[in-house]
Every structure is written in structure tokens, then in C-alpha cells.
Amino acid sequence: MTPAELTATTTGRDLRVPFGIALIALACIAPLFLGNYPLHAIIIALIFLLPAHGLNLLLGYTGLLSLAQAAFFGIGAYTSALLAVHFGTPFYVNFLAAGLMAGAIALPLGIPALRLRATSFVMCTLGFVIIGQAIAKNWISLTRGDMGLAAIPKPWFALGPASFTVSGTVSFYYLVLAIAAIATLVAYLIVRSPAGRNMIAIRENETLAESVGIPTWYYKLVVFMISAAFAGLGGSLYAHYLTVVSPLTFQMYYSTTMLIIVLGGGAGTISGVIFGSLLFVGLTEALRVAPELRMIAYGFFLLGLVFWFPSGFAPLIARFWSFLERRK
Amino acid sequence: MFYTIIEQVVNGIVSGSVYAIVAVGMTMIFGVLRAINFAHGEYYMLGTFGAWFAIDYFDLPYPVAVVIGVVATAVIAVVVGNFVMQRIVGAPAEAGVLATLGVALILQNTVILLFGGSYKFFSGGYIEPVSVFGFTLAEQRILIIIVGLVTFVGLELMVTYSRMGKAMRAVSQNIECCAVVGIDVRHIALWTFIVGACLAALSGVLTAPVNVSVYGGMGELITFKTLPIIIMGGLGNVRGTFVAAMILGIAESLVATYVGLQFRDTVGFATLMLVLMWRPHGLFSAQARF
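Here the protein sequences line up with chains R and H, keeping their order.
Taking my numbering, I'd label the letters of the first sequence as residues 1 to 328.
Taking my numbering, I'd label the letters of the second sequence as residues 1 to 290.
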């Protein structure tokens, strides 16, 4: 089901606005009734929401399957960590620098990669992750190799003489919630803009899009950079939340995770990605009984997703809305 | 100095043969199913584990263990092929990636769950050194090169002359037309997949005596080494894959000696990116097929 059809099924009495407000209100008061562990799980989900939004712009809207998100996630995490450890810069500087760095590195990587056709492009982006990890492991003077960078300070803000440190789980939750909300808004604005419609045109038929005058090459490159910047910002949050980064930040597993969030939630929808990231975290936390069993269950979940819900869970949500509306 | 280079090249040809046997199966599967099989290394692992199980638990001789490893993998491949791979035919690329990743997770972690995640010692094979043209090589390495060549020639003959091989080529060119002229695409897909998985298993069993250690996570590394090879060789191109595997094997061996061992596992993807910048459709394909 395309996003257009999804909106079509929900016209009439739109329940999404009140439901959305209720969800935001619930998110704001969540720390009152959730313990530290569920809150930690939601923080991770919200951190992964950023790279997932980026991947959604790339895969769900422009139709490019990329596995490079983990590479940019790692670049963001290392940029942030290095700045914080070596220069002691405040959080917002590290955070923005991580996004800019990831976006800037995406430019020289994207120019050759985007010339490739589907499968070669997927492999090339996977190569970025593998090579990123090798650099993080072997550039020991900068990254300390396998030991990683430890004791990254918790986010702190400095405005003139006043400074404030986000130390506890609850305050970090609010910080991440605010950033995730802004990122969602930005993604929504991009998608709803004329540029977003051009992206969808490229996804549906690239040749046709080019023939009506859309500069497809330029669009793909810019979206690739934006998605990398989103991943970099997520990596920065991840580094500041866990306070350690290691070469394992660059791993295929993270790329897969982001892919599952986007495809599981429903590629090409913003709400689907939010749902996907919460679902994914719920799943990994619920399966935390035994690590091997967890991975096996995860594998079966993937197969179920591919064969029973090929367009993710978003159509399911849409059906739920129309069910509610019919009842009224 | 010169002797070392030649020795490293010979070593590279040995590992190139190993990669070639795995990669040829993967590229055939891609040609027919249009799906990158992220679980391909796991069949390599399964073959090795089957043979290790036969030797360690039942004290069987190595040749019997080879057969057991390959047959065990074939049985698992029949199950996976029926339930997963056949359903991927005609699905979008993302579906293939997610489904095969799921299969990889299930196979790898089931083996770890059953046998534990630790390294195991593989005590079989022919590791006696022999001297050929002044080089000292383990017998097993010579066996690997021979099996690599035999596999390649056998596959070329099968793909060119046998009914099944012709059907495979037909499916890899146009699925709809095959359905029209009465080729059972799902049947061909299943058999291609089983042959590919068995080749991976064979490669695993042959390499085990050289690598000595066996562990549940070993398949992942092989998958990551095979992926660049099949892209460089031109997807679905058996001959190109063979050459690309040799290039990668030799490059890895030289990099490990002269640059540093820690860079060995990155050679594949680094080479791939350089090759793709120069020839976006792989080394041997004039135009993009996929």
C-alpha cells in the first residue's frame, strides 16, 4: 500500500491527530510510571529512530536500499566522542559536528556509489561499514583501536556562565525525546515538501522522473547525505548515552537493525518508522532470555515479516484506523 | 624474496580456490533467484560442523566425514529451499536481504546453541607436507586446488550442456518466458540453491584441516568475503567469479604478508570499491544485467 492510499483510507473523521497528541502526552509523562529499565529501552529506541528516519528517506521515499547507515552512525559516534574527550566541547557542538561530519563524508562516498545499480550499490554501502570498522580498529593513534574511547562525558550544555549536565536516565530520556521529536518533524517536513514528492517520483520510476525534469542524480546524492547526517546525529547520542565507543559501533548488525525498523514499520511512512523502532526494541528486550535463542527468534521474526507482512506493519495500523472509524 | 612472493601467490591460489567454490554457488543462486544470499557462509559452516561432528563423535575417516558434511548440509538446504528460498523468487530485493539474514541468524545460532560457541579442533585431512616444484605445500592445499578446478570445469560443463544447466541459464535471463515455455521456475530455483549450498559445504569441509579451528560464527566472515567476489565477477557469471576469487585470494595473501595481517579481511571490499569505480558492472560484464 502506498502512502497516498494510506492517507486516502484515513480521510473522513481523522483520528490520527487526537491519537498523536495522546501519544506525545504519554511520552512526556512516561518516566512517572516506567522503571529505569523500560526507560533505557525506550531511549535506545529513540536513538535508533534518527538513523531509521534517515534510511526511510533513502529507502522508503527515494527507493535506494543502503546498508551504510551503521558506517555513518559510527562516524557520528566517533566524531562526538573525540571532540568531547579531547576538547571538552559542550554537547550541542559535538552533536551538530557529528551530523555535519557524517553528511560531509557521505558526499565523496555517495558520488561513486550512487552510480551503481541496485545490487552493486547495496554491496558498496556494506563495504563502507566494513572499511569503517577497519579504520576504527587500525588508526590507533586517533581511535585507540579495539580499546575504544571510554569516559565520554554525559551531555552538558553551557550558556554563558551557566552550565547544565544531563546525567540521569530520566533527564536523558527527555533530551532524546526532544531530539527525536525534532528529527521526526524535520523528516515530516522534507517528505511533505515539493522535494519529498520528487523523491517519491524517483522511487516510483526514475526514468520518468528524469524525463519530467527532476534532477534525479542531484536528489539522490542530497538524500544520501541527509540520511547520513541523521545517522551521524543518532551515533552522537549513542556515544554520549553509553559513554563508550568501540570499533563495534561499525557493524552490519546496526545496519540490519535500521533496515528492520524501516521495513518492519512500513517503509515510506513516518509513523511506521516510529512504530517500528518501538516494536524492535520491545522485541529485543522481550527476547533477552538467552542470547542464542534471542537471535534464533529474531531470525524467525524476520522470515515472518518478509512472508506475512511484506509491506511492514503500517497497513495493519491503517486497517486499525478504518476499523475504528467504521465503529463510530 | 622472490621465493616468498611466489609462495604467497601459491597460498593465495589455495584460498582463491576456496572462495571460488563458495562464490560460484552464491552467484548461481543470485542468477536464478535474484537475491543476495546473506546466509551463504552458513552452509560453509554447516558442512564443516557436519564433518567435525562425524570425526569427533564417531571417529569416522576424513573422506566419509566429507560426504556426511555435504549430505547434512544438503538436507538442511532442502528444508530452507522449500520454506524460504522458493518464496523469494520474484520478491523485491529488500525481501531477499531480510529473509536470508533471518536464515543466517537461525542457522548460526542453532549451531552455537547445540555445540557451544567455543573454538573446536578439527582433526582430519591430509596435512602432511609434500614438495612440488621446490615448494613445500600441505597435501590438503593441493587437494583444494584440484577440487576447485574440477568443480569449475564440472559446473561449466553442467551449465552449458545439461538440461538442468540450460534451464538455470534460461531462468537467470528471463523468468516470465521460462514460465511460458514450461520450465518449472520454482523447481529450478530449489535445485540451484541446493547445489550452491552443497558447494559451500564442500569448500568448508576441504578448508577445515587447513584452518584447524571450527566455530559457529565462522560463516559470517566467509559471506563477507564472497559478496565482493560475486559482484566483481559480474553477478551470475561463473567464469568471472572464478577469476575474481583468484584475484582476491592472491591479493589477500600479499596484503597479509607485506601490509599487515589486520588488513586482510578488508581487502575484498576495498578492491570491490576500486573495481566498481572503474567498471560499475563488474570486471567481466560489458553491461549491467542486474
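Mixed in with the good hints there might be a few duds.
[To be verified] Simulated restraints on C-beta separations: (1) R/282 / H/211: 55 to 65 Å; (2) H/113 / R/282: 41 to 51 Å; (3) R/243 / H/259: 43 to 53 Å; (4) R/182 / H/221: 38 to 48 Å; (5) R/293 / H/130: 39 to 49 Å; (6) R/107 / H/161: 24 to 34 Å.
It is worth saying that the hints were derived from the structure and are not from the lab.
Beta carbons are placed, not taken as given, at the ideal position from N, Cα and C, and that holds for glycine.
Hints and how they fare:
no. : hint                      : verdict
1   : R/282 / H/211: 55 to 65 Å : violated (40 Å)
2   : H/113 / R/282: 41 to 51 Å : violated (23 Å)
3   : R/243 / H/259: 43 to 53 Å : violated (34 Å)
4   : R/182 / H/221: 38 to 48 Å : holds (40 Å)
5   : R/293 / H/130: 39 to 49 Å : holds (46 Å)
6   : R/107 / H/161: 24 to 34 Å : violated (50 Å)
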